[in-house]
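Given next are the chains, with one letter for each unit.
There are 4 protein chains.
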Amino acid sequence: MIDNLESDKVAEATARLLRERGVDKKEIGELVLFLQKDYFPKLTMEECIESVERVLSKREVQNAILTGIQLDLLAEQGKLLSPLQEIVFRDEGLYGCDEVLSLAIVNVYGSIGYTNFGYIDKLKPGILKRLNEKNGKDVHTFLDDIVGALAAAASSRIAHRKQAEKEETDDSDNSQ
Amino acid sequence: MIDNLESDKVAEATARLLRERGVDKKEIGELVLFLQKDYFPKLTMEECIESVERVLSKREVQNAILTGIQLDLLAEQGKLLSPLQEIVFRDEGLYGCDEVLSLAIVNVYGSIGYTNFGYIDKLKPGILKRLNEKNGKDVHTFLDDIVGALAAAASSRIAHRKQAEKEETDDSDNSQ
Amino acid sequence: MIDNLESDKVAEATARLLRERGVDKKEIGELVLFLQKDYFPKLTMEECIESVERVLSKREVQNAILTGIQLDLLAEQGKLLSPLQEIVFRDEGLYGCDEVLSLAIVNVYGSIGYTNFGYIDKLKPGILKRLNEKNGKDVHTFLDDIVGALAAAASSRIAHRKQAEKEETDDSDNSQ
Amino acid sequence: MIDNLESDKVAEATARLLRERGVDKKEIGELVLFLQKDYFPKLTMEECIESVERVLSKREVQNAILTGIQLDLLAEQGKLLSPLQEIVFRDEGLYGCDEVLSLAIVNVYGSIGYTNFGYIDKLKPGILKRLNEKNGKDVHTFLDDIVGALAAAASSRIAHRKQAEKEETDDSDNSQ
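Residue numbers (full-length UniProt numbering), protein chains in the order written: chain E, 1 to 176; chain W, 1 to 176; chain R, 1 to 176; chain H, 1 to 176.
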């Protein structure tokens, strides 16, 4: 039996589920680079992946991932009650609980991420395109929004950090 | 097989699930009366229940109810993956997806409902007390927040309507 | 002196302010058509504008518009306290209160609008491009997000209505 | 002229404005203690104040505070456009932009804070009672929600930290 909370187990389960659902941190990092490269031309892939890892370390984020992937899995197995089963299986247009859960991820690094979330959710670059291909078997109704939200939150984090770095450099210039 | 969307079936499933989980519209109406009676002393129970019914007629609200109750049911049956199973079963303190889904219900009638939602979610009057009693069997991790959110949204709707009524009366006074 | 609330005055002030800031309902309608034409090929400009008008009739929406435009105006006149003055005047990247207020508009028609909001906020088609052109004088830090949110909310409303229309037609087909 | 962003100036302006508006960090700490003492009986006032300080160090939080207090100040001086002037001056019941801005503060430490925010916003213990007393002169329409949100966010932060501390202790026990 699991002890009360146990952060390690929650974090490990999140990482394992993402992997099992075919999501690689590197691919989320690519979304971050896609979103931020125009603003920070020197941004490296390593920084993007590190930012994704920091987002993934938050309990709020882990909770949303575990919950969303669970619903995708159950819909795949046909185990949700009708009509929720059909709604999630088909990623129905009037269903917004996937967006709602994902916004909780975006919020962790502030409101400047809303725009990036909506943008890649619609444009579907990289991994998001693959997650959205319907083959009548795999269900990624929640996962595609979650991945977009992770990239948006990691981008917000970078925007905040880059400003801090810039100010530190300016300070050392001033002190000369 | 269910046809695309079919609003009737979604609405019926929502009403049935609430009933099966022991939630009576009258009890939600009592929460609304509790929240609003100081502001509108003449408010009747009938108006409160009608307002709850109007909230329940929204697709956004139905989606959140179907999803939340589904997760409660699966946790009761021990069918969620660990550690989400333990998290939802115990209504763990650091898990906020229930609040997130419920806020989507509150939002439908505007931001003035946030306060009422938080207030009764903490105070737990009436039906909310019953839903929160842990007996080691029933799981209402999502349902108690959903019921509180329904009452908060119905209260916001009443606040908006009462103002409209007041202005109509004032207008007819002015026109004399 | 204004009487308590007075919905008419709030609605009129909102319409007047939008007009004075150069926002035409027709241009918001064009954004709606841009967002929805792929899903509903027969959608007319008249339907889009009518949907915008319905969104604009909500008090929650009017409150956000009045507040956002007020902050833009004060920043234009240099009347905000430093550093908020500089932050709003320059539409600073780490400032997200404009997105926060706009999301309250989107929420009124449910969470399916988040994606559309983020998408056009980033892509900046039509009127959004004009509102974003910095000339060192006009400030539209809040207004551009507000206009995007109005279009996103009106689009969500259309998605909900079109489904209802479709079901009514299906019903009459079935009854033959 | 202010340089781009300058985090120090934003942080200092936030602290100064709170002080000028009569808000003492100690009083926010008291709200935190009020909210959390039943869950963590050994929680000290020092920990509560430190948590408030950490919340106040976030740019997202500072932005919301600067914006909200600015609107309160302008309403006090009668400098907002009608009808927004009357709406903010009277803290009108159907106006929810104050709650919207405050929720952005709560969000920074996750969704578990929504309930605490609503609860103290309605109950108005300690400083919140004073901020809500209408004397026909001072306007705290935004500030009272902001202070409640700061206390709610600081409480969420404590809930997350206490869990981490508990797990560390458990780990060292296990390693013996």
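Certain hints may be false.
Identical copies carry no separate label here, and so any pair may be met within one copy or between two of them.
[To be verified] With a straight-line Cα cutoff of 20 Å, these simulated PhoX-like cross-link-like pairs (lysine-lysine) come out:
id, residue 1, residue 2
1, Lys-134, Lys-124
2, Lys-42, Lys-162
3, Lys-58, Lys-37
4, Lys-37, Lys-26
What the hints contain is simulated information worked out from the structure, not anything from laboratory work.
Since the model is a prediction, treat every value here as computed from it, not as a measurement.
Here's how the hints hold up against the structure:
In this homomeric assembly, Lys-134 and Lys-124 come within 20 Å of each other (Cα to Cα) only inside a single copy, at 14 Å, whereas the closest approach across copies is 29 Å. Only within a single protomer do Lys-42 and Lys-162 lie at most 20 Å apart by alpha-carbon distance; the minimum there is 11 Å, versus 39 Å between protomers. For a Cα distance limit of 20 Å, the shortest separation of Lys-58 from Lys-37 qualifies neither inside one copy, at 25 Å, nor across copies, at 24 Å. When the C-alpha separation of Lys-37 and Lys-26 is checked against a cutoff of 20 Å, the pair qualifies only within one copy, where the shortest distance is 16 Å, while the shortest distance between copies is 35 Å.
In this structure, only the earlier hint numbered 3 is contradicted, and the remaining ones agree with it.
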